[in-house]
Amino acid sequence: MNRRGALFSLGAMAAAAATPVRALEMKGYPTDMSMDPAFLPRPAIHGGSFQVLTADIDRRTVTAVFDRLIPADDLGASASEAGCVEFLDMQLAGPFGEGASLYRKGPKLPNEDELAQTPQFIETPRERYATGLAALEAFAQKTEGASFADLPEPRQDAILKGMEDGTVDLGPDVNTKAFFELMLINVREGYFSDPIYGGNKDMVGWKMIGFPGARYDYRLYADRTGEDLGLEPVSLIPRD
Amino acid sequence: MTTKRQKADVVIVGLGWSGALMAEELTRAGLNVVAIDRGAWTDTSTHTPPSVDPDELRWSQRKELLSPPRDNTATFRNTLDQTAIPTRNWGVFELGGGVGGAGFHWAGMGWRFSPWDFEVRKQTIERYGLAKAEDGELQLQDWGVTYDELEPFYDRWERIAGVSGRAGVIKGEKTGVGNPFEGSRSRDYPTPALKTLRAMELFNDATNRMGLNPFTIPTANLSEPYVNPLGVSMGACSYCGFCLYFGCGNFSKSSPQACIFPVLMRRPNFTVLTKSCVTRLTKANDGKTVTGAVYVDEQGNEVEQPADIVILTAFMMDNTRILLHSGISKPYDPRDQTGVVGRNFTFQTVSGTDMWFEDDNINPFIGAGALGSQIDDYNGDNFDHSDLDFIGGAGILTLSRDGLPIAKANALPPGTQRWGSEFKKSYAKYYRNYATIFNQGCSMPTKTGYMDLDPNFKDKFGVPLLRLTYDYAQSDRNMAKFTMDRSLEIAREMGASHVNGFNFADKPFTTAIVASDHVIGGVPMGADRPTSAVNPYLQSWDCHNLFVVGASAFPTNAGYNPTGTVGALAIRTARAIADTYVKNPGALVEG
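Quick note, the sequences are listed as chains A and B, same order. Counting along the first sequence from 1, when you hit position 206 you're at 211 in the working numbering, and nothing is skipped either side. Counting along the second sequence from 1, when you hit position 559 you're at 571 in the working numbering, and nothing is skipped either side.
Pulled out of the complex, with its shape left as it was, chain B reads as follows (with noise of 0.2 Å):
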């Protein structure tokens, strides 16, 4: 039996950055706001203080802070005709365990995309015709918003997180150092950019000989004590080299909790659920709303929490499947490409190049989770396509971010003894020696890339699982080939003494070897509903009072991570919904 609870004004499904955001905006309007989370209540000083934190078995190979493999899988397939498999093991589904979601765990990379990357379809039509965005294969769609509609959200979004890093472009004027290629900006960053570490000094110095243009990636790990504009106090980055799949100790890395829970939670107009998994949306009988989220406890109750206004901000997964398993919108057919739920499933297209220096000191345990200098000179489209077989491209980087021992411990030259005294050898000579250049490519939809439900396997709840179907793109595995060759050229002119390229593209793609953590789409957002399940507010074209809010809205992927897209697009559809929908409940835009 289902209990119900009190109807609130507003549900939120998942308090991560998205939740956590749009929480904090729709509190301040006013809302009475309850998010349901499946984690546990998880904070810095409760949880990942720094006697706790530096802890690589723990955090990094056991993944304590993620949710396990057990609780939250897919099943995969690469093409139509396979049976899909479950994926068991870790492997590119890193969703966060607690409160706070992978918002907790992550690197903290804090980019804008570039205004192409909104408008890929009308863009690639415009330079280069037709033929080039529809090659038989891929699926292009633009966004419904662009760049300068986002960027007074992407800059609110920095200003929470205090994003640390220097402008490139500030109304329309370059600056001369940053990145030249970044769309345009209001203002600069709200704090500088982080130090300058060897490996990054390398990569710069050859990029530059190059007559390439390197600059460090923006981070959200703070570079100087801050306070944002919720009055809430960062602390410094101390370069720990605990980050990615790490709390922070420090207060440095932006999250949910650094950046928002200590004014959000002291709200009385909002309230948390933790340990309460949301399995599926209630509707009403007209069809054309929803009247709340049903969850499950922790004790396994079935609860049901009614409200005017429902908001998915779950995991780009978990918001596909709640809106499949409750029969909201149509799902799609890759036979025929109708249908709007689980379309547009992206990922990112990663090559790379390993590199090995003799009798430098790289320190590779002194770092930051986000930080790296990059080069966009061979991303989006900042560099002639016409001749080449793709579109598209990627950020080339090196990273500072750490430099855990286990992890490690396969970074050997080529042909090395992975164990007896050589491996120990090699390792003692090369674990300070070590750096590598990393593509994180674009990657486009396909017709036949997509999620629906699994017919074989289900959760602990008995929920079917998500399947996804999905393969890199022709356009993307030639972009991949094409940007590991420029980052071997890089790697030889920062002087190494071996180089490894790498491309995770010349094989199919898989979710049991991460190559990237981006998975991407399944909702998408559009202004032409017959191919986008939400419009440009992310209001469900079906039921105006549901917004599905993340990177489930992404119709095409990028060379850039996406959590700063994720908050800049979450404010956004808040604001509309607290100026606007509430005064006048309906639909948003047209279509």
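One chain only, chain A, in its complex shape (with noise of 0.2 Å):
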């Protein structure tokens, strides 16, 4: 099966999956043994169109700061090329582009950072997103005269730089260093996560770092200490 059939049978399989039918009081062991859905793996799929990132400068400009952050060298392929901008747009699609998980009843008050030595939001990753690729643009416009997407590479890295130092602000609506570390994890977790969910296309991360992905048992070679296993690696999407 190819990458994108799989991704689309694993869709299928969790759409098709019957709902158990749990009671909220339980007596006895529950004897309906089928993977409850809401825990299969929710795959990446891929209909050919964004579901965020739809305005084209903004793709442009998340293609251009990913393939800074994991160019394309001998060491494999650039994180857009391994899917990393499909990925983001996945996952800001969903419950974390949502900031699902967060707590963010209001107010934000003056002294969070500070005390949380960590700046805190209240506004959703996809709500960022919106705010700093807006903001990084115009001050490509303002201080070069040209889209983020269009510098040469020398000049795109030195404003990467300066937002991951603190020397480049973007504004004051956006947190320039927090917005810098979340494009670097974001890109990261593209990279590096399975590639169900749309990025590390034939599993560029792991193969570059040595690690052998979703294989689940190593007592074969537990023994084997110090030793380079030459594991190729094993993803979630079935091979065949």
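Calculated directly from the structure, the hints in this document are not laboratory data. Be a bit skeptical, because a hint or two may be false.
Unchecked claim - So the derived label-pair ranges between C-beta atoms look like this:
#1 A:Q122 / B:I137: 34 to 42 Å
#2 B:P597 / A:M38: 39 to 47 Å
#3 A:A143 / B:D401: 51 to 59 Å
#4 A:S152 / B:R82: 34 to 42 Å
#5 A:M38 / B:P204: 26 to 34 Å
#6 A:P177 / B:P426: 48 to 56 Å
#7 B:R541 / A:Q122: 48 to 56 Å
#8 B:D401 / A:E119: 50 to 58 Å
#9 A:E103 / B:A419: 49 to 57 Å
#10 A:E149 / B:R82: 27 to 35 Å
None of these values were measured; they are calculated from a predicted model. Here a beta-carbon is modelled for each residue, glycine too, at the ideal position from N, C-alpha and C.
Fit chain to chain and form the complex, with the hints in mind.
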């Protein structure tokens, strides 16, 4: 089965599974042993269109940023070649993008970031991308007179470096350093998560570092300490 | 309007390790038990089989097995004069999302505390004098139970969980292997220790050369197939490297699901109410007993479950918050150190060293959640503190837990660019050659480290969030620096080409950054009624039919993971209820 076919078939499996009826009050061991459909893998399904990064300029900016954070070189594909832009779009379209796990009740107190020692947000990641990407593009237009995506790579790197160390300020609507960190963690997630989520195409990220992926049993290897085991990675996507 | 269910003998609030252990004991004793859990039913074959489990993004990054901050968080501040802020994102509170609690996604460290940990105040005064124990900041108090009294219950918990390890001291005799500093055990572990992996080899060789005493950490990740005393079968750990934050598809990580539910759920006198969140307890008119627990069900209805005996086995934050919200016992007041509920919050004081090696193959992807090597030479009071400016210490350990590639991507030698081709090159080289030494330090209570109800922020039911006020004691800060220096020495002896010491206690405490997830205290146990909320059987001093069980009861915290001690205390309390309390309901201890 090819990668795309596998993604679709897993999605169909999730949709087809019956919802087991679980009474609120439970007596006796549950007899229904089928998978809880909510716990089946939720693969990225590429319908060919983007759900959140719908504007061409936003996709171009994300692609340019991601490909400087993880560029193509002799160690493997770039972030966008590995599917990280599609990965991000899927993540922003789902619970992560909605900030579903966050405690978002206001107000945001003025001492929050200082006491927490890390920035806190009431805004969702989806909102932070919308604001941050627009501000980054405006910054490039203002300081360079061109789109971020059209700048030469050394200029792109200089801006990203400035965002990382706090010397570039994208304006009052954006915590610039935190937006850089958000993009960095998301591109790494795309590059190193299971390919089922749309990134890490051909397990390029795992091959780069030697992570064998979704193997579930190393008992045959555990005694071979200190050896290069040369294990090929496997993914949650069925091989055929 | 609150509807009322039929009365039960016992209502248990929270079905994690504590609740499941107690429910097993009490249903076996013939009592009719209703457990209430805010989570959904979650189990191995239906929720985390091997086809679902090895997925870092979903379980470790997004933490989908945990209860999110949206539903369960707390506010925090360092000092009394600050306005507390809500913890909005993942941080030190790592509560379980489903039935089974954090016992389903935990790593599986199968520790006992040392004898010293139960008597920090007494033994510090005896060995070093009163001034060392009372430095003006610390608020030390003993547990009212000793290690020797708890030993049979540790043994029982280890048998139920099938803990893999190698005894260091049996019946007072050192075995010559294992941990020579541990409290005396009645017998060896039920299953042998797991294998020694590469990072552990390097650590063991180095610490042996330094004259220290390395041993394999006891794990609730089982080394071989095992049938526990309840008749439940477990499998052997496959070293899959997906453990902390994950379920276990092999039935080899001990959990309420893997060890207890198969028996408990079949008992006709046991009922679970899932997706039902207890918000408060109801009190009798005389104020001397409680009458039941009130919960909000999935549809938002408020329901009361009356019971003769009420047992709180929720996460420590919730045990504390339910008591405060129900107006049971006097809240702690940091200004004059009176009151008991919310008292003695402690954490863990963590430092350590990151290490990178050249041309080795650590192969971090082979691992088990709790697997590692440790030295206890600098833990507890195993070394002389006469000339040191602190008490206590840390378990200094290296882990062979996992090689999760998203989480490890920041583990690069200092000064390495975190992105671009330099990042790729460095990560390709060091992913398989990185290891860490983690100093799991004790945490001593202070007069101003406590919990109360937040005046500003509420949860989804409109109940005030818990407010945590805490910063590290100076004694703990000094300890963390001392143990960081020891870990740096070990790292150099291990032959690391790059070492980088870290110390979470050189900055103020924060709930937003995970140094450890072992938050402790709030309903301290003790033999001294004015300074404890529950007696040595975890029975409320004020309401004799209320028992508050879990890490909320620890008056001090040790340089070990808490679950084994939580389990032992829960079994001891359940036995006291079944053997003594039900025959003659009343205070088990005079106070």
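| task | Quick one: which hint numbers does this structure break? Sort them smallest to largest. | result | Per hint list: 6, 7, 8, 9 and 10 violated.
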